[in-house]
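**Q** Please model the entire structure based on the sequences and the hints provided.
Number of protein chains: 2
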Amino acid sequence: MKVGVILSGCGVYDGTEIHEAVLTLLALDRTGAEIVCFAPDMDQAHVVNHLTGQVSPGERRNVLVESARIARGKVRDVVTAQASELDALIFPGGCGAAKNLCDFAMKEADCTLHPEVTRIIRQMHQAKKPIGAICIAPAILSKALGNQGPTLTIGTDTKTAAALERMGAKHEACPVREFIVDEEHKLVTTPAYMLANRISEAAEGIEKLVREVLRLAR
Amino acid sequence: MKVGVILSGCGVYDGTEIHEAVLTLLALDRTGAEIVCFAPDMDQAHVVNHLTGQVSPGERRNVLVESARIARGKVRDVVTAQASELDALIFPGGCGAAKNLCDFAMKEADCTLHPEVTRIIRQMHQAKKPIGAICIAPAILSKALGNQGPTLTIGTDTKTAAALERMGAKHEACPVREFIVDEEHKLVTTPAYMLANRISEAAEGIEKLVREVLRLAR
Chain E
1 MKVGVILSGC GVYDGTEIHE AVLTLLALDR TGAEIVCFAP DMDQAHVVNH
51 LTGQVSPGER RNVLVESARI ARGKVRDVVT AQASELDALI FPGGCGAAKN
101 LCDFAMKEAD CTLHPEVTRI IRQMHQAKKP IGAICIAPAI LSKALGNQGP
151 TLTIGTDTKT AAALERMGAK HEACPVREFI VDEEHKLVTT PAYMLANRIS
201 EAAEGIEKLV REVLRLAR
Chain D
1 MKVGVILSGC GVYDGTEIHE AVLTLLALDR TGAEIVCFAP DMDQAHVVNH
51 LTGQVSPGER RNVLVESARI ARGKVRDVVT AQASELDALI FPGGCGAAKN
101 LCDFAMKEAD CTLHPEVTRI IRQMHQAKKP IGAICIAPAI LSKALGNQGP
151 TLTIGTDTKT AAALERMGAK HEACPVREFI VDEEHKLVTT PAYMLANRIS
201 EAAEGIEKLV REVLRLAR
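Residue numbers (the numbering used here), protein chains in the order written: chain E, 1 to 218; chain D, 1 to 218.
It is worth saying that the hints were derived from the structure and are not from the lab. Keep in mind it's a predicted model, so treat the numbers as computed, not measured. Please note: incorrect hints may appear among the correct ones.
For identical chains, the list gives no copy identity; a pair is met inside one copy or between any two copies.
[What the hints assert, rightly or not] Restricting the straight-line Cα-Cα distance to at most 30 Å, the calculated cross-link-like pairs of lysine-lysine (DSS-like) are:
1) K159 <-> K2
2) K159 <-> K74
3) K208 <-> K159
4) K74 <-> K208
**A** Encoded structure:
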């Protein structure tokens with residue numbers, strides 16, 4: 001199995017949620033899957049000082065370059081991602097998924113997706129290959145595939161769930177250690193740090209998500 | 001159990017190795033341990049573009065602020081770390097351990113340790129509380145406790161091992177999925193990405209290290 005992982009920076013407040021990304025890589029590697037990381041080559045929406053939680057005025061960082069920290073240097077520009085080379089695709093969460101891969105954090109249901117993210121999602125969907133999305137990343141699937149009425153979860157947050165439904169998704173509440181599967185559209189989602197208070201909670205949901213994504217890829 | 005984890009930034013080439021840190025947090029959390037992350041409040045030795053592997057000229061980042069990305073905001077200045085509040089201490093690896101917590105990457109056996117890192121290591125050692133060190137981080141223990149003749153591993157790299165021995169340590173070769181324990185000095189070390197080709201290899205050694213550190217803390 002060859003699985004793409006789409007990163008969006010490095011850090012929960014302005015990039016990929018680091019724990020979720022590493023737990024995804026670990027769960028995939030333990031199955032023996034080959035992993036290919038991707039990220040867009042673009043400036044981050046902003047840089048957040050993770051100690052204070054405040055935006056660092058004037059500071060700029062590149063999503064692809066920062067994603068390389070999580071990927072230990074091995075990350076490709078998402079423009080090179082092709083469904084034909086992948087058996088499955090997974091989006092870890094973190095604010096980067098909602099600020100860099102799209103602008104859901106700012107515009108909710110009126111958000112716009114990065115065009116290459118839209119393209120690879122629709123390619124995978126047309127090829128009937130599964131996609132996993134963690135934490136807030138199901139917002140991306142709601143936007144890209146909303147016209148298909150996909151069933152998804154972001155946990156239990158009613159405001160976020162309502163925004164997903166305005167984009168055409170059907171939201172199902174889900175506890176942190178579980179996942180929701182949409183068999184028809186081959187989508188698997190888990191709340192992770194939308195609900196997790198501890199890394200081991202996020203890990204359990206992500207391990208189950210990875211297993212289910214790989215089952216759907218077979 | 002309350003365990004301190006000393007971070008040194010966020011990224012293998014200029015900070016904490018991200019996978020090693022997250023795997024340490026996961027293994028600790030799965031035992032139910034309380035985790036407290038620490039890092040020094042200082043500039044990084046440099047900033048490395050992890051996509052190219054090149055130093056970013058003129059760019060500055062703070063070790064404590066970047067470490068907060070891994071710790072999801074919850075990280076304390078290492079000056080506040082006290083052995084009296086901790087049952088054990090663990091150092092993940094990455095170049096930050098050898099560039100920010102000390103200058104072993106530049107000066108090898110002639111390196112100097114961050115004074116607060118020296119202090120907390122010696123406090124823990126005097127209190128007979130265990131310390132774990134992953135990847136290149138055993139170099140720090142060699143410097144701080146070299147006069148005690150500690151037994152350590154950094155894997156199989158003979159040049160690095162020789163530098164540790166020049167500081168007073170006894171080096172034992174160790175495969176990636178295993179660890180070395182010095183029962184007398186309560187030190188546990190594992191090679192992780194000094195040898196690992198896959199995250200699951202690093203994970204196995206780190207899980208075993210965490211279990212052994214907690215056993216020694218009982």
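**Q** None of the hints should be skipped; say for each whether it holds.
**A** Hints, verified against the model:
no. : hint          : in the structure
1   : K159 <-> K2   : neither (35 Å within a copy, 36 Å between copies)
2   : K159 <-> K74  : between (36 Å within a copy, 26 Å between copies)
3   : K208 <-> K159 : within (26 Å within a copy, 42 Å between copies)
4   : K74 <-> K208  : both (25 Å within a copy, 27 Å between copies)
Against the hints set out earlier in the document, a violation occurs for number 1 only.
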